[in-house]
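A.B. asks: Next come the chains, spelled out residue by residue.
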Amino acid sequence: MKISRRAFVNLSIAASVSAHASRLLGQGVSTHTAKAQPKLAPSGRPFNAHFTDVAKQAGLTAPVIYGKPEYNDYILEATGCGCAFIDYDNDGWMDLFVLSGTRIEGNPEGATNRLYKNNRDGTFTDVTEKSGLHDTGWACGVCVGDYNNDGFEDLFITYYGQNKLYKNNGDGTFSDITKAAGLLGDDTRWGAGCTWVDYNRDGHLDLFVSNYLQFDMNRIPKPGANVNCTWKGIPVECGPRGLPRGVHSLYRNNGDGTFTDISAAAGIASQRGSYGMTVVSADFDEDGWPDIYVACDSTPSLLFMNNHDGTFREEGVVRGVALSEDGQEQAGMGIGVGDYNLDGHIDLFKTHFSEDTNGLYRNDGKANFEDVTRTARIGVETRYICWGTGIVDLDNDGLPDIFFVSGSVYPHLEKTLTQYPNKNPRTIFRNLGNGTFEELISEAGPAISERHSSRGCAFGDFDNDGDLDVLIVNINEPPSLLRNDMKGANHWLKLKLVGTKSNRSAIGARVVVRYGKKLQAQEVLSQSSFYSTNDTRLHFGLGAEKIADISIRWPNGAHEELKAVAADQLIVVKEGSGIVTGQGWSKAAKPGASGR
Amino acid sequence: MMSMSFARHLIFGIALALSIAPASVSFSQPSQGSQSSQATKSPPTSESAHAPQSSIEPITSALTTNQFETAADLTRAALKDFPNDPQLWSLQGIAFASQGKATEALAAFQRALAISPNNISALQGAAQLEFQSASPNARTLLNRLLKLRPNDPISHAMLGVVNYREGNCGAAVPHFAKAGSILDSQPAALHAYALCLVRLKRLDDAVNVFQRTVTLRADDPRERRLLAAVQLMGRRPKDAIVTLEPLLQGTSADAGTWQLAASAYEDTGDTPAAVNALRQAILLDPKNTSLYLDFAHLSYQHQSFPVGISVVSDGIAQQPSSAQLYIARGILLVQLGDYDKAEADFDKAHQLDPNQSLSAAAQGMAAVQANDLDRALTTVETKLARKPNDAYLLYLKADILSQKGANPGTSEFQSALRSARKAVASAPNLAEARSVLARLYLDSGQTREAIEQCRKAIELNPKDQTALYRLIQALQKTGEKKEIPDLLNRLAKAREQAAQEERERSRYKLVEGDDPQSTSPNHP
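Same order as they appear, the protein sequences are chains A and B. Throughout the first sequence, residue numbering follows the numbering used here, covering 2 to 597 in sequence. Throughout the second sequence, residue numbering follows the numbering used here, covering 114 to 637 in sequence.
Chain A extracted, bound-state conformation (with noise of 0.2 Å):
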């Protein structure tokens, strides 16, 4: 009897060069799997951009404690937690806001979120203890937004247990107003993303979470238990998939500090069906209104679309975002957001797991995507999970990059399995200008090149010299701080902006930056990456441009136009009053007088 094709096909099915047909069997991730793109020739044009990791010596040396280094007993120890930039004294000095984790057998000495004051000098002071933001639990995620408007950018902290709001007291200090605010929950949760959002454009700024998973330590089954619970044949911590789905919220600012949670009346509490992670929050649509999307894990991920009447309707299926090209899920962890292609729409950067491609996603403008992984040539890197993640000028040369970081989750394995490394190198995919990218590792810097099991990462200018940098968080060991040492000549335009009837840290205010014959788009954003906040400041690669037109849409839907700004500055703006000058943050040093 011949063998059928049918019968082949099912036979090989594994070996099918269809990235469905891939699905592995036994494990509890996501089984969409996709094969590497052969990498082009480089295209040997130069990278300005060049990173230092000066985590030691600005003083960040505490580890992220988060589960145990050699081995995950449980899905918990695994995910790990992200980081912010924060200027939380206003003195327009980029501070750092690091998440920690613990460990399942107690909390060890030092395992703690900590608070880094910038001393203006490439270096910074724990100031945690005097900050009461000394907490040790699982925590996840951290948004930074003004919920109270009151000038002071306050931290809202996700975590397994019980989430956290702080009020920024303005003097240097937080307060845990979770209770008093409404936010205590009655049960354990798993919190993971989260945003600040204005959805109903009050000017007040609401809190969106999402949720992991229904995670109760007494009822998980042991690593290898199950299907769900090996990798590769190797016994690892289980889950997600055959865990329950945790249940995302959604918060409404009162207006006098309380919130209430209207999760079911928004139509949020209804989508059960995905393991959510990092939550952004974007008017995909620009309809004027914030969208929310959310990475999920190993589930379709999800796109909530606002109805401008208080609720949401998700259509991630339906826009291209939830699924891969072709309608499989995937891991999905963090996500970068940017205008690639300088088309003046958002578009988005998901981090999945190894044996697959992260995926570009290029928004039309009306909030319908298109996977461009492959025609990107983002589908030449399979081999590493990946996390935190940015669409960032790295060398200014007005496009926008990819940057992302990786980590094993199953630490152990590379004892058995050695092609799948507990640690992994940074990677940069440097923007051509032709819709396509390269990847570049050593080619920018002894810091990319260098390995770590990293999870969040925030994007931000902490010395002020008008390039980005990277705080990354590396589980069990301290943090990396990637400095960025530009060479060339390219410029740059930074924009603070200041919501008075919008909320006042601008969330969600739309910029357009027109310079030569380029435009891009950018958002200010809450929470994105991995559980990360980046520097609020929006920076704007010019390249050989010297001014900029700065087209702003304000939260509350006020538009503004500033016209011929000159590059290589911090402008500050504010609601209904254009640039203004001697405030806090316009009285940043200028470039060089950070010490160094």
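Simulated from the structure, these hints should not be mistaken for lab results. Bear in mind that the values here come from a model prediction, so they are computed numbers and not experimental data. A hint or two may mislead.
Cross-link-like lysine to aspartate or glutamate pairs, in silico, EDC-like; alpha carbons within 20 Å at most [claimed, not checked]:
#1 K517/B / E356/A
#2 K40/A / E525/B
#3 K40/A / D485/B
#4 K590/B / D344/A
#5 K40/A / D487/B
#6 K590/B / D365/A
#7 K180/A / D136/A
#8 K564/A / E546/A
#9 K517/B / E382/A
#10 K367/A / E593/B
#11 K233/A / D451/B
#12 K594/B / D365/A
#13 K233/A / E617/B
#14 K590/B / E287/A
#15 K517/B / E440/A
#16 K594/B / E371/A
#17 K590/B / D288/A
#18 K590/B / E371/A
#19 K233/A / E615/B
Across the chosen pairs, the derived CB separations fall in these ranges [claimed, not checked]:
#20 G592/B / P222/A: 46 to 52 Å
#21 K500/B / S44/A: 37 to 43 Å
#22 T312/A / K576/B: 30 to 36 Å
Even glycine gets a Cβ: it sits at the ideal position worked out from N, Cα and C.
Chain A is already provided as a structure; the job is to place chain B on it using the hints.
C.D. replies: Relative to the frame of chain A, chain B by itself:
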């Protein structure tokens, strides 16, 4: 589903039997005696003169007592006086037909019909003879009969077979349905009915018909196997097991029965029973290649590649000239990352059977698995040079180029598009080719064409998640959103079902046991 191809072969083997043995189907007329007395339905023509009853009765009496020669002689004599009596001609036709003189009988019936076109007896007689000789005239006669007697089960039965022989199952099935219990006396016709229902994908109805054959021929194991095969095709594996159980518990189960049972057990999630059934099959028929292929599939599904390799190796020892077994083993070796050995097996398969292209396709896929898309493309293109119209190789080439990231407008993209189109044209049922073509159309903005390909892929497999998803994307682009909510539901259900099936498959892993029997070459 590992024996699905076997089930299909079993079913469609009937087609071959029926197509070459029309005489295997014959429907007996009602009693000639009683019929002849009511034979004439139409009034006599002005030129006819009827023989008196005194002439008719001896003829009918001779017929009913099987004195066909006498009956023929009597009709000859009567026809001298009454040459235009259609009843006499009909009776003569019956006499000749009963003697096996088909030509003479047909001539007699045709004489009757020339005089009285609606003479039931003559129509029935002529239709029967034309039917038995598979003449195209049978259809016309049967249709005329049905106009006069719309509910005649025999006419319906014969028309059912006529349509079946012409490959028109859509027309055959209604006639078979109206034939009713008449078919119970004709197993071949009943099989034709069931086969047509299978072809029309009315599997539940086909099961009902095969259940009739099992009831009618309870001692015939072939009937049970046919029923079980259709039950498997209709995704009713538990029913298939119940059907096969009497055979499995007895001593009459052959390797084919065990093979079917293995597929049924696996589909119910009872992998240990499936393995045992395949083991029994191999013991009974150790040179049967398909059994080893089924085991390879089973071990693959359960990610038990070493066991699969071991068993297929046993098969190769039994059938060293089987290219299929080398291909199967090579594919399992690829899963273990043993690309060199896999390559050797694919080469051997090609040596054994240069006309098949599966080994080339497997080599291409192995290269992909090893993360070498460039080498995969080279391999496939080399084989395509020898077999430029091979659908599977063309599909692979298109998919590899697409995976490499060929951009619309480039020569690589155009090459991918050409290859995918050619693959679909050569093998319209190759769903994977349609899937790649749909993707290429989407990439190049040919949304309408993408929609068409997605729809066709979904026709081939309604649970194809990729096709469903791409159809949703394409309809979203064209603004035709009415269908989208339903498609979203279908996609979600397909995903859930696929996850459930994976969980079932993953319950068992095959390992080589300590049982001395289990380690011997013929004992998987």
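A.B. asks: Give a verdict on every hint.
C.D. replies: Evaluation of the provided hints:
no.	hint	result
1	K517/B / E356/A	15 Å, holds
2	K40/A / E525/B	16 Å, holds
3	K40/A / D485/B	11 Å, holds
4	K590/B / D344/A	19 Å, holds
5	K40/A / D487/B	10 Å, holds
6	K590/B / D365/A	11 Å, holds
7	K180/A / D136/A	16 Å, holds
8	K564/A / E546/A	14 Å, holds
9	K517/B / E382/A	12 Å, holds
10	K367/A / E593/B	16 Å, holds
11	K233/A / D451/B	16 Å, holds
12	K594/B / D365/A	18 Å, holds
13	K233/A / E617/B	18 Å, holds
14	K590/B / E287/A	18 Å, holds
15	K517/B / E440/A	15 Å, holds
16	K594/B / E371/A	17 Å, holds
17	K590/B / D288/A	19 Å, holds
18	K590/B / E371/A	10 Å, holds
19	K233/A / E615/B	16 Å, holds
20	G592/B / P222/A: 46 to 52 Å	47 Å, holds
21	K500/B / S44/A: 37 to 43 Å	38 Å, holds
22	T312/A / K576/B: 30 to 36 Å	32 Å, holds
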